[in-house]
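Q: With chain A's structure known, arrange chain B with the ligands on it following the hints.
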Amino acid sequence: MTDAPQPKIQLNDVHKAFGPKVVLDGIDLSVARGESVVIIGGSGTGKSVLLKCILGLLRPERGSIRIDGEEVVGLRGKSRERVLNQFGMLFQGSALFDSLKVWENVAFGLIQGRNMPRQQAKDIAIEKLAAVGLAESAGDLFPSELSGGMQKRVGLARAIASSPEIIFFDEPTTGLDPIMADVINDLIVKCTKELGATALSITHDMASARKIADRIAMLYKGRLIWVGPAKDIDHSGNEFVDQFIHGRADGPIKMELRA
Amino acid sequence: MEFVATVGRVFLAFLSHVGRLSAFTGTAVSHIVRPPFYPRLIMRSMVEIGYYSLPVVGLTAVFTGMVLALQSYSGFSRFAAEGAVATVVVLSVTRELAPVLAGLMVAGRIGASMAAEIGTMRVTEQIDALSTLSTNPFKYLVAPRLLAGFLMVPCLVLVADIIGVFGGYIVGVYKLGFNPSSYISRTWEYLEPLDVISGLTKAAVFGFLISLMGCYHGYYSRGGAQGVGAATTNSVVSAAILILVFNYVITALFFGK
Ligand SMILES: Nc1ncnc2c1ncn2[C@@H]1O[C@H](COP(=O)(O)OP(=O)(O)OP(=O)(O)O)[C@@H](O)[C@H]1O
Ligand SMILES: [Mg+2]
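As they're listed, the protein sequences go chains A and B.
Mapping the first sequence onto this note's numbering, position 141 (from 1) lands on 267, and the numbers just tick up by one.
Mapping the second sequence onto this note's numbering, position 244 (from 1) lands on 454, and the numbers just tick up by one.
Excised from the complex, chain A in its bound form (with noise of 0.2 angstroms):
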């Protein structure tokens, strides 16, 4: 090999669609260890596919995702289970265990994956809980009874509670006030930069993409158009990117209206 790091993610041409739809068109990505990838696209292009491929909960037609050097698109069984210990994700939706409490929530990993003693990993959850800037009396709470911004903290504090090694935050801002959005980003960032993990975020929120990436990369129409270093966002060169962040309705991009 080459003296260049293995990256810890890497993709090559994965293509993925759903009948007739074409939703991921060959997609090339790879994020190095520690480094914290963004990527923006509008609605519907298939950034949420995008992870769930590489998590394996849908499977690619064509392509190879590599986690480690290790190839994981099939991978089946205890060689699956392996590779996905080393994840967390925030789920779009928050995915909560609707029949845990809020604490078995974000202890579920530790106390289901780990087999850490409950009373400790309740410890943990709270602590966990606490950064999301959620009291400790949240924890008894059932996630029926939290708004959907806590819900989302919840998520996010289960994503981070076993220090996975690779993180995966599907909009981890929406739905959050102004300065709550601003507390997880820093958060966020801690994570990659303190902990070392390796971060893929999905955001539409771009002063948070500014804030947590070292890169951003833009899907659109099954392809990412730009890959590019979070300062070089505001030059890009490219007109899908400028009008993608300047949030305009007129440009290269169609919104496919019916007027």
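Treat the hints loosely; a few may be bogus.
Per the computed footprint, the stretches of chain A lying under chain B, defined by three or more beta-carbons under 8 angstroms from a beta-carbon of chain B, are [unchecked claim]:
| no. | segment |
| --- | --- |
| 1 | 219-228 |
| 2 | 232-240 |
| 3 | 337-345 |
Calculated pairs, EDC-like style, for lysine to aspartate or glutamate (alpha carbon to alpha carbon, straight line, at most 20 angstroms) [unchecked claim]:
| no. | chain 1 | residue 1 | chain 2 | residue 2 |
| --- | --- | --- | --- | --- |
| 4 | A | K357 | A | D312 |
| 5 | A | K248 | A | D224 |
| 6 | A | K227 | B | D405 |
| 7 | A | K380 | A | D340 |
| 8 | A | K204 | B | D338 |
| 9 | A | K227 | B | E327 |
| 10 | A | K347 | A | D151 |
| 11 | A | K337 | A | E320 |
| 12 | A | K204 | A | D194 |
Pulled from the structure, derived: some chain A residues nowhere near chain B, Cβ distances all over 10 angstroms [stated by the list, open to error]:
| no. | residue |
| --- | --- |
| 13 | R192 |
| 14 | E196 |
| 15 | S273 |
| 16 | K316 |
| 17 | L350 |
| 18 | A356 |
| 19 | G377 |
Keep in mind that the hints were calculated from the coordinates and are not lab data.
Cβ coordinates follow ideal geometry from the N, Cα and C atoms, glycine included.
A: Chain B with the ligands only, in chain A's frame:
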């Protein structure tokens, strides 16, 4: 030509269902026997199935026993065979009616709730979340329910046997004027262990099938509230049909000459 194509398509769809169900069953069963186990979850399912179904199953059984006594008395008196009432009640209840009726009641109660719960977890991505938290959904969701169904429905049916016979006794003694002690001795006289064992075997199979249908339809449900509703209906209907089919098969295995 058109017709052949349609039949072929339906047949292929059926085969793919059977294949998927077989794979699902195989995976689920393999997780029942392999650690790690979730004793808490198994306990919770056992209580849900075994304890909370007692009222409906008991009520079904007592009325079944009562009506059976009444019916067989009025029917058998036509050829002066009233004496057989106690025997008819105990044999029909233990061999046939307790397992089938309890199975159908539990299918409505438990199969539906499993399908709804797991289906909701599927459409809200909770099942995906499980696998990102180092937990196998088969082990965590499906295996405990299958095991609980398999173990608890026989217990329910044993209770139903006793209550059903008791219902027959009430009607026989207080309405039809049988002598209590002779009714009881008549009940025991022709009862063989195999009658009860065959009923309990049915119950174990039914319990497994009910849980299997609930979990299977829930696990593969898609498309929001509507999909979960469809999964619930399908789980109850398919469990009921399977109960009736397997009831015949098991009866034939035990008693068919
Ligand atoms: N399970 C599925 N079956 C069929 N189509 C799907 C499925 N999941 C996603 N899609 C389709 O894939 C496309 C991309 O969906 P995805 O959820 O990845 O969008 P997204 O980029 O995350 O959008 P948003 O920003 O709104 O969350 C959508 O058009 C959607 O209709
Ligand atoms: Mg999405």
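Q: The structure should be examined with respect to each hint, and the outcome stated for every one.
A: Structure-based check of all given hints:
For a cut-off of 8 angstroms, the count of residues in the segment 219-228 of chain A with a CB near a CB of chain B stands at 6, and the three-residue condition holds. Residues of the segment 232-240 of chain A with a Cβ under 8 angstroms from some Cβ of chain B number 5, which satisfies the need for three, so the listed coverage holds. Judged by the Cβ-Cβ criterion of 8 angstroms, the segment 337-345 of chain A is not covered by chain B as claimed, because only 0 of its residues qualify and three are needed. For the suggested pair K357/A and D312/A, the alpha carbons sit about 18 angstroms apart, so the restraint of at most 20 angstroms is met.
Only pairs whose Cα atoms come within 20 angstroms are accepted, and K248/A paired with D224/A is accepted, the gap being roughly 17 angstroms. A C-alpha spacing of about 46 angstroms is found between K227/A and D405/B, which places the hinted pair above 20 angstroms, so the restraint is violated. Annotation: proposed proximity of K380/A to D340/A is violated, straight-line Cα distance about 28 angstroms (limit 20 angstroms). A hinted pair counts as satisfied when its Cα atoms are at most 20 angstroms apart, and K204/A with D338/B qualifies at roughly 17 angstroms.
Straight-line distance between C-alpha atoms of K227/A and E327/B comes to about 16 angstroms, which keeps the hinted pair within the 20 angstroms bound. A C-alpha spacing of about 8 angstroms is found between K347/A and D151/A, which places the hinted pair at or below 20 angstroms, so the restraint holds. Of the pairs offered as hints, the one joining K337/A and E320/A holds, with about 15 angstroms between alpha carbons and a cut-off of 20 angstroms not exceeded. Straight-line distance between C-alpha atoms of K204/A and D194/A comes to about 17 angstroms, which keeps the hinted pair within the 20 angstroms bound.
The Cβ of R192/A lies farther than 10 angstroms from every Cβ of chain B, with a closest approach of about 18 angstroms, so its non-interface assignment holds. With a minimum CB-CB distance of about 17 angstroms to chain B, E196/A clears the 10 angstroms threshold, and the non-interface call stands. Every CB of chain B is more than 10 angstroms from the CB of S273/A (nearest about 17 angstroms), matching its label as outside the interface. For K316/A, the requirement that its beta carbon stay farther than 10 angstroms from each beta carbon of chain B is met, with the minimum near 21 angstroms.
Distance check for L350/A against chain B: the nearest CB is about 23 angstroms away, which clears 10 angstroms, and the non-interface claim stands. Even its closest Cβ contact with chain B, about 26 angstroms, leaves A356/A beyond 10 angstroms, as expected for a residue assigned away from the interface. At roughly 33 angstroms from the closest C-beta of chain B, the C-beta of G377/A stays outside 10 angstroms, upholding its exclusion from the interface.
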